[in-house]
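What follows is each chain in one-letter form.
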Amino acid sequence: MVGHLNFIWFGPILVFFLKFLRFYRSPNRAVVRRRIRELVEKHPRRPLLICANHLTMIDSLLLTWLLFDFRLLVKHFSYFPWNVPELANFGQSYIMRSLCYLGKCVYLERAGSVASKRLVWEKISYLNRLGESLCVFPEGGRSRTGNLDREAAMYGVGQLVQSNPRSLVLAVYLRGKNQKTYGFWPRLGDKIWIDWTEVKCEIAEGRKAQRDITMQIFDSLEDLERKYHATGQ
Amino acid sequence: MNNEDIYNNVVRIVSKHAKDPSALNSIHPDTHILNDLKVNSARLVDIVLDFEDTFDLEISDDDADRIATIGDAVKLVKALKN
Chain A
1 MVGHLNFIWF GPILVFFLKF LRFYRSPNRA VVRRRIRELV EKHPRRPLLI CANHLTMIDS
61 LLLTWLLFDF RLLVKHFSYF PWNVPELANF GQSYIMRSLC YLGKCVYLER AGSVASKRLV
121 WEKISYLNRL GESLCVFPEG GRSRTGNLDR EAAMYGVGQL VQSNPRSLVL AVYLRGKNQK
181 TYGFWPRLGD KIWIDWTEVK CEIAEGRKAQ RDITMQIFDS LEDLERKYHA TGQ
Chain B
1 MNNEDIYNNV VRIVSKHAKD PSALNSIHPD THILNDLKVN SARLVDIVLD FEDTFDLEIS
61 DDDADRIATI GDAVKLVKAL KN
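Note that the protein sequences, when read in sequence, are chains A and B. For the record, in the first sequence the residue sitting at position 27 is 27 according to the numbering used here, with numbers rising by one throughout. For the record, in the second sequence the residue sitting at position 79 is 79 according to the numbering used here, with numbers rising by one throughout.
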């Protein structure tokens, strides 16, 4: 509720920051947003599980800006996705903590105990089952290779799909035209390419199925990555 | 399958994911899978899946979470086989 009310003022500030201070542009934003709108209209009350590639520290912010109309998020704040940022990166100052609070974040400690990670997983899985959308990075962190890295695949995303088969699973590829490898943020004024596809996962039980589901998502992400390179970005 | 077979298979499976090949030369039961062999923590699930296939057993999440060293894995496999 607090996040929803605050979104009305902090949403435009974030967009202002991205558009007019960082000068980011996205040529295919309108098409991408229209397709999202059509998808959620076709499947009302089903949360999104956004699975994206990861190259910069502001990917979640960019994804939320580029995928969703402001009006859609004001009307249905449940589509504003929950994120799972690393505490060491995003929890060290009051300003960052406040932004993360408003931006629906559940902190994760990558070097934390198994129990702490499991608690984070349970929290986001619970939120997803309540109908809240999630944004996760199946590579676990920013890709060190500059491209999708299957070696880094985290099967927790497959577990999330198993935990809520009602989720609409989206593979989303986002990358600045000048983004050669991972970094803090895209270059100032960069054109951001974004595209997504719905992944119709074959859902089964067990640990092996978690791996299979995760790999299905990687397959879709790799298709999008090929499309990004094919468009001459 | 005797103890030596279990140990050798555990080492073989874990070695496939080791990022520090030099550490494989001095592998022993106390070798820490993540810290010494530099296995990516995300690959622990693959290791557990390989254990299940190789030794034909089922490992619970709680048991899997307790595997830290080569010796832990060997002990767990032995316990589940018996």
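Since the hints were derived computationally from the structure, they do not count as laboratory data. Among the hints, a few may not be true.
To list a few chain B residues with every Cβ distance to chain A over 12 Å, as calculated [stated by the list, open to error]:
| hint | residue |
| --- | --- |
| 1 | Glu4 |
| 2 | Asp5 |
| 3 | His17 |
| 4 | Lys19 |
| 5 | Asp20 |
| 6 | Leu24 |
| 7 | Pro29 |
| 8 | Asn40 |
| 9 | Ser41 |
| 10 | Ala42 |
| 11 | Leu49 |
| 12 | Asp53 |
| 13 | Ile59 |
| 14 | Lys78 |
| 15 | Ala79 |
| 16 | Leu80 |
Covered stretches of chain A, as calculated for chain B (at least 3 residues, CB under 8 Å) [what the hints assert, rightly or not]:
| hint | stretch |
| --- | --- |
| 17 | 121 to 132 |
| 18 | 204 to 211 |
Cut-off 27 Å, straight-line C-alpha distance, at most; resulting in silico cross-link-like pairs (DSSO-like, lysine-lysine) [claimed, not checked]:
| hint | chain 1 | residue 1 | chain 2 | residue 2 |
| --- | --- | --- | --- | --- |
| 19 | B | Lys75 | A | Lys208 |
| 20 | B | Lys78 | A | Lys208 |
| 21 | B | Lys78 | B | Lys16 |
| 22 | A | Lys75 | B | Lys19 |
| 23 | B | Lys19 | A | Lys19 |
| 24 | A | Lys200 | A | Lys123 |
| 25 | B | Lys19 | A | Lys42 |
| 26 | B | Lys81 | A | Lys208 |
| 27 | A | Lys117 | B | Lys16 |
| 28 | B | Lys75 | A | Lys117 |
| 29 | A | Lys177 | B | Lys38 |
| 30 | A | Lys227 | B | Lys75 |
From a predicted model like this one, the values you see are computed outputs, not experimental measurements. Glycine residues also receive a C-beta, built at the ideal position from the N, C-alpha and C atoms.
Hints and how they fare:
| no. | hint | in the structure |
| --- | --- | --- |
| 1 | Glu4 | holds (27 Å) |
| 2 | Asp5 | holds (24 Å) |
| 3 | His17 | violated (9 Å) |
| 4 | Lys19 | violated (10 Å) |
| 5 | Asp20 | holds (15 Å) |
| 6 | Leu24 | holds (18 Å) |
| 7 | Pro29 | holds (21 Å) |
| 8 | Asn40 | violated (7 Å) |
| 9 | Ser41 | violated (9 Å) |
| 10 | Ala42 | violated (5 Å) |
| 11 | Leu49 | violated (6 Å) |
| 12 | Asp53 | violated (9 Å) |
| 13 | Ile59 | violated (8 Å) |
| 14 | Lys78 | holds (21 Å) |
| 15 | Ala79 | holds (19 Å) |
| 16 | Leu80 | holds (15 Å) |
| 17 | 121 to 132 | violated (count 0) |
| 18 | 204 to 211 | holds (count 4) |
| 19 | B:Lys75 <-> A:Lys208 | holds (23 Å) |
| 20 | B:Lys78 <-> A:Lys208 | holds (22 Å) |
| 21 | B:Lys78 <-> B:Lys16 | holds (21 Å) |
| 22 | A:Lys75 <-> B:Lys19 | violated (48 Å) |
| 23 | B:Lys19 <-> A:Lys19 | violated (41 Å) |
| 24 | A:Lys200 <-> A:Lys123 | holds (24 Å) |
| 25 | B:Lys19 <-> A:Lys42 | violated (46 Å) |
| 26 | B:Lys81 <-> A:Lys208 | holds (20 Å) |
| 27 | A:Lys117 <-> B:Lys16 | holds (25 Å) |
| 28 | B:Lys75 <-> A:Lys117 | holds (25 Å) |
| 29 | A:Lys177 <-> B:Lys38 | violated (34 Å) |
| 30 | A:Lys227 <-> B:Lys75 | violated (48 Å) |
In summary, the numbered hints that this structure violates are 3, 4, 8, 9, 10, 11, 12, 13, 17, 22, 23, 25, 29 and 30.
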